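2 protein chains.
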Amino acid sequence: MPTEQDFIALVSKFFKEHPRIRLGPGDDAAVITEISTQEFVISVDAMVEDVHFHRNWLEIEDLGYRALAAALSDIAAMGAIPLTFLVNLGIPADFSLANVEELYNGFKTLGDEFCISPSGGNFYRSPKISIGVTVIGEVRRDMEVRRCCAQAGDVIAITGDVGRVAAAIHLLKDPFLSQMVNHKVKADVVSKFRRPKPRINEMQSILRNTSEVHAAIDISDGLASDILKIAQLSGLEAVLYEEKIPVHPSVNFIAEKLHKPVWQLVASSGEEFELLVVLPKEELQKLRSANINLTEVGEFRPTFKPTVKIRRSIGEEVEFTTGFDHFVNPLDL
Amino acid sequence: MPTEQDFIALVSKFFKEHPRIRLGPGDDAAVITEISTQEFVISVDAMVEDVHFHRNWLEIEDLGYRALAAALSDIAAMGAIPLTFLVNLGIPADFSLANVEELYNGFKTLGDEFCISPSGGNFYRSPKISIGVTVIGEVRRDMEVRRCCAQAGDVIAITGDVGRVAAAIHLLKDPFLSQMVNHKVKADVVSKFRRPKPRINEMQSILRNTSEVHAAIDISDGLASDILKIAQLSGLEAVLYEEKIPVHPSVNFIAEKLHKPVWQLVASSGEEFELLVVLPKEELQKLRSANINLTEVGEFRPTFKPTVKIRRSIGEEVEFTTGFDHFVNPLDL
Numbered sequence: 000m001p002t003e004q005d006f007i008a009l010v011s012k013f014f015k016e017h018p019r020i021r022l023g024p025g026d027d028a029a030v031i032t033e034i035s036t037q038e039f040v041i042s043v044d045a046m047v048e049d050v051h052f053h054r055n056w057l058e059i060e061d062l063g064y065r066a067l068a069a070a071l072s073d074i075a076a077m078g079a080i081p082l083t084f085l086v087n088l089g090i091p092a093d094f095s096l097a098n099v100e101e102l103y104n105g106f107k108t109l110g111d112e113f114c115i116s117p118s119g120g121n122f123y124r125s126p127k128i129s130i131g132v133t134v135i136g137e138v139r140r141d142m143e144v145r146r147c148c149a150q151a152g153d154v155i156a157i158t159g160d161v162g163r164v165a166a167a168i169h170l171l172k173d174p175f176l177s178q179m180v181n182h183k184v185k186a187d188v189v190s191k192f193r194r195p196k197p198r199i200n201e202m203q204s205i206l207r208n209t210s211e212v213h214a215a216i217d218i219s220d221g222l223a224s225d226i227l228k229i230a231q232l233s234g235l236e237a238v239l240y241e242e243k244i245p246v247h248p249s250v251n252f253i254a255e256k257l258h259k260p261v262w263q264l265v266a267s268s269g270e271e272f273e274l275l276v277v278l279p280k281e282e283l284q285k286l287r288s289a290n291i292n293l294t295e296v297g298e299f300r301p302t303f304k305p306t307v308k309i310r311r312s313i314g315e316e317v318e319f320t321t322g323f324d325h326f327v328n329p330l331d332l
Numbered sequence: 000m001p002t003e004q005d006f007i008a009l010v011s012k013f014f015k016e017h018p019r020i021r022l023g024p025g026d027d028a029a030v031i032t033e034i035s036t037q038e039f040v041i042s043v044d045a046m047v048e049d050v051h052f053h054r055n056w057l058e059i060e061d062l063g064y065r066a067l068a069a070a071l072s073d074i075a076a077m078g079a080i081p082l083t084f085l086v087n088l089g090i091p092a093d094f095s096l097a098n099v100e101e102l103y104n105g106f107k108t109l110g111d112e113f114c115i116s117p118s119g120g121n122f123y124r125s126p127k128i129s130i131g132v133t134v135i136g137e138v139r140r141d142m143e144v145r146r147c148c149a150q151a152g153d154v155i156a157i158t159g160d161v162g163r164v165a166a167a168i169h170l171l172k173d174p175f176l177s178q179m180v181n182h183k184v185k186a187d188v189v190s191k192f193r194r195p196k197p198r199i200n201e202m203q204s205i206l207r208n209t210s211e212v213h214a215a216i217d218i219s220d221g222l223a224s225d226i227l228k229i230a231q232l233s234g235l236e237a238v239l240y241e242e243k244i245p246v247h248p249s250v251n252f253i254a255e256k257l258h259k260p261v262w263q264l265v266a267s268s269g270e271e272f273e274l275l276v277v278l279p280k281e282e283l284q285k286l287r288s289a290n291i292n293l294t295e296v297g298e299f300r301p302t303f304k305p306t307v308k309i310r311r312s313i314g315e316e317v318e319f320t321t322g323f324d325h326f327v328n329p330l331d332l
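Protein chains in written order, with numbering that gives the first Met the number 0: chain A, 0 to 332; chain B, 0 to 332.
Be aware that one or more of the hints could be misleading.
Identical copies carry no separate label here, and so any pair may be met within one copy or between two of them.
What the hints assert, rightly or not - Mimicking DSBU-like on lysine-lysine, the simulated pairs with C-alpha atoms at most 30 Å apart in a straight line are:
1. Lys127 with Lys172
2. Lys196 with Lys15
3. Lys127 with Lys15
4. Lys285 with Lys172
5. Lys285 with Lys256
6. Lys183 with Lys12
7. Lys185 with Lys172
If you're looking for bench data, these hints aren't it; they were derived computationally from the structure.
Please read all numbers here as calculations on a predicted model, not as lab measurements.
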């Protein structure tokens with residue numbers, strides 16, 4: 000059986016020289032050079048077998064990709080760019096050195112897009128695969144984008160589309176449903192579950208073109224729950240327009256097979272890692288003129304009780320709070 | 000059952016204002032102000048039920064204390080001082096809000112000693128308690144102490160004493176052994192297992208009094224394995240003197256009951272979190288004159304094959320490589 004040192008030796012080769020990382024893996028800690036005009040932005044995330052995924056749902060390489068994507072998504076929402084990451088890896092006894100290499104290849108595939116590599120980590124035996132990722136990023140001093148500070152009248156805009164992750168989990172869980180849909184529909188939704196894109200570059204483009212992003216968050220729990228966090232911190236009510244929420248045609252197709260309204264599927268779709276960006280309407284128009292692809296999905300209004308509503312296509316407004324909570328509903332516990 | 004938001008709300012109150020932490024818990028990431036003369040030092044560690052401990056071995060408060068101590072110990076070895084930490088917490092279904100508060104009280108007890116508090120985290124459901132800690136510390140640029148760079152003739156010095164952790168695990172595992180020792184012996188060894196001291200302040204005192212620490216490491220796998228890492232990176236052979244290794248009388252007592260040579264118990268004693276410091280002999284004398292409490296336990300010699308030997312009291316030298324590997328020998332997997 001490989002020892003901890005074997006794993007450390009294997010993954011050390013994934014580290015690449017970086018002008019800011021003075022000391023990478025192989026010592027007690029990683030060392031990063033500071034620059035006085037900047038701020039470090041640090042976030043941790045975890046992806047655990049049978050809590051966040053089942054092993055037969057993903058290739059091992061996808062696991063690394065997805066765990067890193069989740070952590071990067073948090074710093075994308077802050078307006079930061081990543082510098083490096085550290086890994087806290089629980090490895091089951093049936094995992095070989097080659098399996099760990101596959102997992103790190105997943106880190107590498109995504110990390111290469113942002114010129115980052117792992118500068119440290121920790122390994123331990125674990126009955127289940129457990130991937131903790133700490134991402135360190137950077138933002139110009141005072142320029143970080145927070146969750147608070149939406150203003151009444153601001154619009155809510157979103158990158159990409161929502162709903163495919165919940166649709167993928169339905170497909171992966173339910174062989175009968177899976178038989179009802181063709182290969183293309185499956186590929187459309189499962190691809191986003193396996194390889195979500197952290198919106199680092201999109202947020203950087205936004206911030207280059209406007210200095211008036213009042214709030215931002217990435218969708219990790221679900222559209223409704225995550226907008227609610229901004230609403231609560233800002234003391235406002237959010238209204239989303241059902242017909243404007245960008246939904247992939249394959250999600251519509253699966254919702255139909257499930258006999259569920261699409262918006263319910265969308266509401267419960269966590270780990271989408273799209274960004275929700277809150278800004279004045281005229282700033283959104285400016286971004287669109289700069290060819291930045293954002294969809295306006297709602298607005299903030301004054302309120303006595305912060306909440307999130309959805310304005311149905313038929314005109315009525317209903318409360319919109321069904322999120323996905325791994326905490327209350329882990330997959331298998 | 001409490002939701003993730005309940006846990007987040009509970010632990011947010013443990014964050015204390017800090018001049019360098021611009022944004023603590025409650026957003027997507029923590030934000031730390033940079034200073035151009037400094038470097039960030041970052042390390043991750045994990046403490047997992049039935050891999051690193053059994054639940055009946057410790058109070059819940061000890062768990063928090065010990066997990067933070069382990070992570071702080073890594074940055075102590077780099078010569079850094081801590082700024083803040085982030086927690087990646089896997090919470091079993093039978094854990095209440097009050098239990099999580101106890102765990103955070105453990106973080107607080109130790110964190111208060113160094114004026115640090117948790118500036119972020121992540122929670123997930125988990126079948127076992129799983130505590131990932133990311134510590135962020137700081138050191139003056141180019142002043143970090145590495146594992147490499149021991150020189151032939153350097154002496155090896157150690158803080159505190161070694162062996163109590165292995166002795167404690169023997170006691171905790173073996174009720175018959177436990178019956179053979181009195182309360183004081185138990186308290187002596189189990190206290191170090193429950194509340195190990197990260198040697199942050201000791202290392203700072205050392206570095207204020209000498210600029211010639213050539214290498215340092217904290218004892219996490221065991222005296223022999225950890226010295227071996229320095230030996231390998233420095234291309235040298237380490238020799239430890241059996242009679243000089245500082246061992247608590249209660250460890251001698253337990254070794255006798257176990258019919259084991261004390262040095263074997265010491266060799267396999269991981270997670271001691273004492274520091275091994277490598278420096279010229281005259282520098283060690285300088286530190287002693289400054290009343291810094293370090294014990295000289297060995298030296299580095301030239302070699303063709305990096306290794307660690309122990310010079311027995313009877314004069315012979317034997318290879319000394321029995322470490323504790325949670326990887327190969329997790330407690331319960």
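Tested hints:
1. Lys127 with Lys172: Classified as both: same-chain Cα gap 19 Å, cross-chain 24 Å, threshold 30 Å.
2. Lys196 with Lys15: within (22 Å within a copy, 34 Å between copies)
3. Lys127 with Lys15: Result: close within a single copy only, 29 Å intra versus 34 Å inter.
4. Lys285 with Lys172: Answer is neither; intra-copy 42 Å and inter-copy 67 Å both fail.
5. Lys285 with Lys256: neither (39 Å within a copy, 78 Å between copies)
6. Lys183 with Lys12: neither (37 Å within a copy, 48 Å between copies)
7. Lys185 with Lys172: within (13 Å within a copy, 51 Å between copies)
When held up to the earlier numbered hints, the structure conflicts with 4, 5, 6 and fits the remainder.
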